[in-house]
Amino acid sequence: MKSEKAAKRREVREDQMTNVTMTVNGKSVSRNVPDETLLSEFLREELRLTGTHVGCDTSQCGACTVHVNGKSVKSCTTLAVALDGAEVTTIEGVANGELHPMQVAFNDNHGLQCGFCTPGMIMAGIDMVNRYKASGQELTADAIRHELEGNICRCTGYHNIVKSIQDAAAKM
Amino acid sequence: MTDQGIGARVKRKEDKRFTTGHGKYTDDVRMENQAYAAFVRSPFAHAEIKGIDKSAAEAMEGVIAVLTGPELVADGIGNIICGWAVTSKDGSPMNMGAWSALATEKVRYVGDAAAVVIAESDAIARRAAEAVEVDYAELPAVAVASKALAAGAPQIHDNAPGNLIYDWEIGDEAATDAALAGAAHVTEMEITNNRLAPNPMEPRSAVATYDPIEEHYTLYTTSQNPHVARLVLSAFYQVAPENKLRVVAPDVGGGFGSKIYIYPEEITCLWASMKTGRSVKWTSDRSEAFMTDAHGRDHVTTAKLGFDADNRIVGFKVDTIANFGAYMSLFSSAVPTYLYATLLSGQYDIANIHCNVRAVYTNTVPVDAYRGAGRPEACYLVERMMETAARELGVEPTELRRANFIREFPHQTPVIMAYDAGDFEANLDQALAAADVAGFAARKAESAKRGVLRGLGFSSYIEACGIAPSAAVGSLGAGVGLWESAEVRVNAVGTIEVLTGSHSHGQGHETAFAQVVADRFDLPLDSISIVHGDTDTVQMGMGTYGSRSGAVGLSAIVKALDKVEAKVKKIAAHVLEASEDDIVIEGGQVKVAGTDKAMGWHEVGLSAYTAHNLPEGMEPGLKETAFYDPANFTFPAGTYICEVEVDPETGVTKIERFTCSDDFGTIINPMIVEGQVHGGVAQGIGQAMLEQVVYDDDGQLITGSYMDYTMPRADDVPFYDVHHASTTCPNNPLGIKGCGEAGAIGTPPAVINAITDAIGTNDLAMPATPQAVWSALQASGKSMAAE
Chain A
1 MKSEKAAKRR
11 EVREDQMTNV
21 TMTVNGKSVS
31 RNVPDETLLS
41 EFLREELRLT
51 GTHVGCDTSQ
61 CGACTVHVNG
71 KSVKSCTTLA
81 VALDGAEVTT
91 IEGVANGELH
101 PMQVAFNDNH
111 GLQCGFCTPG
121 MIMAGIDMVN
131 RYKASGQELT
141 ADAIRHELEG
151 NICRCTGYHN
161 IVKSIQDAAA
171 KM
Chain X
173 MTDQGIGARV
183 KRKEDKRFTT
193 GHGKYTDDVR
203 MENQAYAAFV
213 RSPFAHAEIK
223 GIDKSAAEAM
233 EGVIAVLTGP
243 ELVADGIGNI
253 ICGWAVTSKD
263 GSPMNMGAWS
273 ALATEKVRYV
283 GDAAAVVIAE
293 SDAIARRAAE
303 AVEVDYAELP
313 AVAVASKALA
323 AGAPQIHDNA
333 PGNLIYDWEI
343 GDEAATDAAL
353 AGAAHVTEME
363 ITNNRLAPNP
373 MEPRSAVATY
383 DPIEEHYTLY
393 TTSQNPHVAR
403 LVLSAFYQVA
413 PENKLRVVAP
423 DVGGGFGSKI
433 YIYPEEITCL
443 WASMKTGRSV
453 KWTSDRSEAF
463 MTDAHGRDHV
473 TTAKLGFDAD
483 NRIVGFKVDT
493 IANFGAYMSL
503 FSSAVPTYLY
513 ATLLSGQYDI
523 ANIHCNVRAV
533 YTNTVPVDAY
543 RGAGRPEACY
553 LVERMMETAA
563 RELGVEPTEL
573 RRANFIREFP
583 HQTPVIMAYD
593 AGDFEANLDQ
603 ALAAADVAGF
613 AARKAESAKR
623 GVLRGLGFSS
633 YIEACGIAPS
643 AAVGSLGAGV
653 GLWESAEVRV
663 NAVGTIEVLT
673 GSHSHGQGHE
683 TAFAQVVADR
693 FDLPLDSISI
703 VHGDTDTVQM
713 GMGTYGSRSG
723 AVGLSAIVKA
733 LDKVEAKVKK
743 IAAHVLEASE
753 DDIVIEGGQV
763 KVAGTDKAMG
773 WHEVGLSAYT
783 AHNLPEGMEP
793 GLKETAFYDP
803 ANFTFPAGTY
813 ICEVEVDPET
823 GVTKIERFTC
833 SDDFGTIINP
843 MIVEGQVHGG
853 VAQGIGQAML
863 EQVVYDDDGQ
873 LITGSYMDYT
883 MPRADDVPFY
893 DVHHASTTCP
903 NNPLGIKGCG
913 EAGAIGTPPA
923 VINAITDAIG
933 TNDLAMPATP
943 QAVWSALQAS
953 GKSMAAE
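Here the protein sequences come in this chain order: A and X. Numbering of the first sequence is given in our numbering, commencing with residue 1 and proceeding in unit increments. Numbering of the second sequence is given in our numbering, commencing with residue 173 and proceeding in unit increments.
In isolation and in its complexed conformation, chain A is listed as follows (with noise of 0.2 Å):
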């Protein structure tokens, strides 16, 4: 395996060409992309995912937000290539016929404004009520708000977002 993986392992070069396959919102895809394509890039221009939203280029907004294998990842931070192999969820793979509980937290307690912030913050709320319901710890506003460090807002205040997340948990 570890050799396998330092095979595949490769120097990032701006003109070199990677066939990378993947599982995004249980489909696989398959694109051969040059080495320097962010996750980020991969979802919006190759498989036009465009909920999926760059804000900062320090990966510090979070509101490119993804799962990936389960956890959730700021996909401005991530190479595509070196996630061949990997299952990835997008915003656009959160609802199961019907809304996803955080999903219609945000709509129920006003949780939004703009909107641009909003698919980072569903996917990391998510992955926080996942996270702390595992681990049997309670999730506290002042647990969310340490949460979100990585999730920045500038509309709402933070404070429907932080009832969203509370009212999310309750029904996840």
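Read the hints as simulated data drawn from the structure, not as lab findings. The reader is advised that the hints may include incorrect statements.
In silico BS3-like cross-links for lysine-lysine, where the CA-CA straight-line distance does not exceed 27 Å [stated by the list, open to error]: (1) A:163 <-> X:621; (2) X:826 <-> X:795; (3) X:826 <-> X:735; (4) X:183 <-> A:163; (5) X:795 <-> A:27; (6) X:185 <-> X:954; (7) A:171 <-> X:795; (8) X:741 <-> X:826; (9) A:163 <-> X:826.
Chain A is faced by these chain X residues, among others (derived, beta-carbon under 7 Å) [claimed, not checked]: (10) 195; (11) 373; (12) 678; (13) 741; (14) 799; (15) 843; (16) 847; (17) 854; (18) 874; (19) 877; (20) 878; (21) 880; (22) 895; (23) 896.
Backbone N, C-alpha and C define an ideal beta-carbon position, used for all residues, glycine too.
Put chain X on the given structure of chain A with help from the hints.
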């Protein structure tokens, strides 16, 4: 239908597309044959361009074109202008320097664009931009406004000697001086209003397409006002005649003022699409946003506030220097004048006010309106001085305010504004009760036991929204009228489309505007759609800023609804053979009151469009247009109370309570209005405690990313306690005042007043970072007392 009408907490109709990832923002647009633009930006704050060598970039595979300023000028693209003419006190016009979308001879701030690369991919465009060799001859630079005014400072524009754009005044200086000379007490302060970067989460973006057959342009862009963009791009920048230019602002991810303006990048993309025959897309990254989005605030003010022996204000004298950056942005001139000095009376009856404002060029990003625009600067000054004066006079801050409140309306201030309605004491009392100020002393004692300092700060703000009566702002120099338009289309099946010139970039118009229509005609919300943001569909509009969508945009809709209602009643009266006066509209029906004669709402629509049986001479169809020009500004006001705890060992400050009592007039959707307050308060807390754009002495931008510029995050802010005590605005049909900016206006002085109360010294500037608070404590010697 009160569950969906005016006053109902209706959940937002627009949320589904945003929570499922199906919003459509400008960067989500992809055109056929799309190329990408990357700008070659100056690394120097001030430099001459000696020459540009494009050859290396042009030789790169995938590069379509490298274009420069002289080519843009040669094609007749006009300079970027400021649209509000402010006249100096000596009668001379403001000194506006030339601003070309791509620099020609000089660059004047770090980030000023000298050239643009158009390429097959974003990555290629960015790499090629780095390969463009610009021969700069660096010049001395200046970033601080007061230094730019000093003798021997670098001269930034030839036609603005000493970097002075205007030297303007308002009010009676002699009377104010006399009042202060006779005052029993004068409070003097120097106040800095810190420079901020607006930071909507969606970076700016533009996609321009030129159709050479029709000689027609389409621009998708991140705009708060697509019609204003089209007007300015057409009339001033000569990109194309209005009928050959469509501007679309689709979903826009926040604006806060920074997306009002028409920036070099949109102009360049339009021009480049014509030059290259390709659609041209540019999307800012965050670093570029810090370097190019118009900044906000950046005032330095000295002021004197005089009181008589009964603690009544007798005079207020203000001298402000406003940093405009390297070029005059679209509404920059109005911000420190008609949006600032006109609000210096605050909530108080002040007979004598004089304000002098000097606007100054520096080698920094242009500065323009940012959430509040002038009113936060005025409110911060007035409310910090009131709190400081109360401490100096030894009276309760709230009692000093009460003693000076304006109590009769309308009230003419000495600085243009005529307040139309308000009850300042009602907001103060509501806030005092909600914040449990009575229990503060006990909480402070409890904090002291834990070795921490607790403080309480107040802010009683007033602002002016509903911008604005066109003739009035025209007389003050505005280049545009500030009315709004609406078109209400009742379809043949009775569903309704409302086309509005307002633009929603987070404000929830698709819900709140529909509520007003649902309320008026007692129709289900789902049968009403709000259309905005496209110059091809909406007739005309002035857009959304200055909290004007409710007070002005909705007023236009109401006017159009009036016309629709009149026609509906005429049709129904004709069909039902009744008098128009007896027709009532309710429950999806149009009825003859007191009878069982009725027709369905949709049947009226059908009658209007089949036109088989209309009153003699009536035109078919059921579609009405209205333009609404406000009679006055509106005046939201209120009191905010902030309670903090300061750790004297570290300076770390925590907001324990934040209480708001606002008077917004009529509220359409309380849920949305509260959300606006939450966001505004967070931005106010950001200004007060976290945010600061920093340039070094050479004009290099130090705070160029989220690693350096501190955005408020979820654990920096508390839950907010938001209340309303409203009076009705007498000057528009719904009685709305506006709620979009109050939070950002009222909050900073409440926070700083609370922290200074806690630490026992007034000498504290924004942002009150832990270091600043700790240093203030050390300087005052109060840190020892706390231990």
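| task | Would you mind confirming whether the straight-line C-alpha gap from residue 795 (chain X) to residue 27 (chain A) stays at or under 27 Å? | result | violated (47 Å)
| said: Would the hint on residue 878 (chain X) be counted as holding, given a Cβ-Cβ threshold of 7 Å to chain A? | reply: holds (4 Å)
| Restraint check for residue 826 (chain X) with residue 795 (chain X), where alpha carbons must lie at most 27 Å apart | Roughly 54 Å between the alpha carbons, so the hint for residue 826 (chain X) and residue 795 (chain X) is violated.
| query | Regarding the pair residue 826 (chain X) and residue 735 (chain X), is the alpha-carbon distance no greater than 27 Å? | reply | violated (53 Å)
| request: Classify the hint on residue 854 (chain X) as holds or violated, based on whether any CB of chain A lies nearer than 7 Å to its CB. | output: holds (3 Å)
| Given residue 847 (chain X) was flagged as interface, is its beta-carbon under 7 Å from a beta-carbon of chain A? | The hint holds - residue 847 (chain X) has a Cβ within 7 Å of chain A, the shortest such distance being about 5 Å.
| query | Hey, does the residue 843 (chain X) contact hint survive, CB to chain A under 7 Å? | reply | Holds, about 5 Å.
| Interface hint outcome for residue 799 (chain X) [beta carbon to chain A under 7 Å] | The hint is violated - residue 799 (chain X) has no Cβ within 7 Å of chain A, the shortest such distance being about 28 Å.
| request: Tell me if residue 877 (chain X) is really an interface residue toward chain A, meaning its C-beta lies closer than 7 Å to one of theirs. | output: holds (5 Å)
| query | Going straight from one Cα to the other, do residue 171 (chain A) and residue 795 (chain X) come out at no more than 27 Å? | reply | With a Cα-Cα distance of about 45 Å, the restraint between residue 171 (chain A) and residue 795 (chain X) is violated, given a limit of 27 Å.
| query | Does the alpha-carbon distance linking residue 741 (chain X) and residue 826 (chain X) stay inside the 27 Å limit? | reply | violated (59 Å)
| query | Holds or violated: is the Cβ of residue 195 (chain X) closer than 7 Å to a Cβ in chain A? | reply | Holds. Min distance 5 Å.
Of the numbered hints given earlier, the model fails hints 1, 2, 3, 5, 6, 7, 8, 13, 14, 18, 21, 22 and 23; all others are met.
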